[in-house]
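Asks: Residue strings, one per chain:
There are 2 protein chains.
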Amino acid sequence: MGDLEIRPATAEDVPAIVGMLADDPLGAQRESPDDLTPYLIALDRLTADPNQHLIVAIREARVVGTLQLTIVPGLSRRGAARAIIEGVRVHTTERGSGLGTRLIEWAVETSRRENCQLVQLTSDVTRTDAHRFYERLGFTPSHVGFKLQL
Amino acid sequence: MGDLEIRPATAEDVPAIVGMLADDPLGAQRESPDDLTPYLIALDRLTADPNQHLIVAIREARVVGTLQLTIVPGLSRRGAARAIIEGVRVHTTERGSGLGTRLIEWAVETSRRENCQLVQLTSDVTRTDAHRFYERLGFTPSHVGFKLQL
Chain E
1 MGDLEIRPAT
11 AEDVPAIVGM
21 LADDPLGAQR
31 ESPDDLTPYL
41 IALDRLTADP
51 NQHLIVAIRE
61 ARVVGTLQLT
71 IVPGLSRRGA
81 ARAIIEGVRV
91 HTTERGSGLG
101 TRLIEWAVET
111 SRRENCQLVQ
121 LTSDVTRTDA
131 HRFYERLGFT
141 PSHVGFKLQL
Chain R
151 MGDLEIRPAT
161 AEDVPAIVGM
171 LADDPLGAQR
181 ESPDDLTPYL
191 IALDRLTADP
201 NQHLIVAIRE
211 ARVVGTLQLT
221 IVPGLSRRGA
231 ARAIIEGVRV
241 HTTERGSGLG
251 TRLIEWAVET
261 SRRENCQLVQ
271 LTSDVTRTDA
281 HRFYERLGFT
291 PSHVGFKLQL
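Sequence lines, in order, name chains E and R.
When the first sequence is numbered by the numbering used here, its final residue is 150 and no position is left out of the sequence of numbers.
When the second sequence is numbered by the numbering used here, its final residue is 300 and no position is left out of the sequence of numbers.
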């Protein structure tokens, strides 16, 4: 396989990102790849915010992975910032290639550089493969993740 | 009991907020109420960020509760923003008063006003009372929360 590049997402990457978000048992029900307008508006908002890092992984000129890292300042833990990982997706053709690990390693390194003391994420209880993956990377399943749809 | 006011936190509230963060089985090990400098620096960063809402609840001129709400834009779910609740604390003298419910209701209403489609939070697996509290308020424990200390 060719070399991998990890870089900030641009508007040109949005169709591929949305394709990956939708190509997922949970995502299929809640995305609209045929209308990219809301995604492009969201990208503008992310790009303007220095605490947001939406990145893509590129191999042989194709978008093969994505992840969003949010830096959250806060008072607790002596004024520590934390980092939150959301929207991790790896293209089906790249499963088992180590790309997921590369993406998470990028997120952890960036969190360190931004002086975060903690990296956190939540994963749907049904994604048991993902849970083993995060535990292998050193994450601890120490919390219950609660959600409320509005 | 007197009326309750919920408003953005200011530097004058920091000693009381840190006191509540430290007055907790988990928080006692990781806070430093004798040195407020890192907390005041963090407050400045929060105040400058329009996606951050650090609020306090005031009763009879005393800080009796606090919560941090972070608005996180994103591409997934058709460009939906989500809101993340962190650092919920209720003063020991207010336990059972309904203040926790008032704080979470404030967070949910603010999230709606900011056009979020989801409110989420994580709670340490040992805080079983908190889990019952969030379920009573309509939150679903649908996720596993992973953390990595840096």
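Warning: the hint list may mix true and false statements.
Claimed, not checked - Looking from chain E toward chain R, a few residues come up when the C-beta cut is under 8 Å (computed): (1) Asp-13; (2) Leu-43; (3) Gln-52; (4) His-143; (5) Gln-149.
These are calculated hints, taken from the structure and not from any lab test.
By construction, the Cβ of each residue, glycine as well, lies at the ideal position given by its N, Cα and C atoms.
Asks: Do the numbers back the hint for E:Leu-43, that is, is its least Cβ distance to chain R under 8 Å?
Replies: Status holds, d = 7 Å.
Asks: Would you settle whether the hint for E:Asp-13 is holds or violated, based on the nearest Cβ-Cβ distance to chain R being less than 8 Å?
Replies: For E:Asp-13, the interface hint is violated, since the closest Cβ of chain R sits about 10 Å away, which is over 8 Å.
Asks: Holds or violated: the hint that E:Gln-149 contacts chain R, with Cβ atoms closer than 8 Å.
Replies: holds, 6 Å
Asks: So, as I understand it, the hint says E:His-143 touches chain R; can you test that by seeing if any CB pair is closer than 8 Å?
Replies: Holds - the Cβ of E:His-143 comes within 8 Å of chain R, reaching about 3 Å at its closest.
Asks: Can E:Gln-52 be said to touch chain R, with a Cβ gap under 8 Å?
Replies: Given a least distance of 7 Å, the restraint on E:Gln-52 holds.
The structure fails hint 1 only (numbered hints given earlier).
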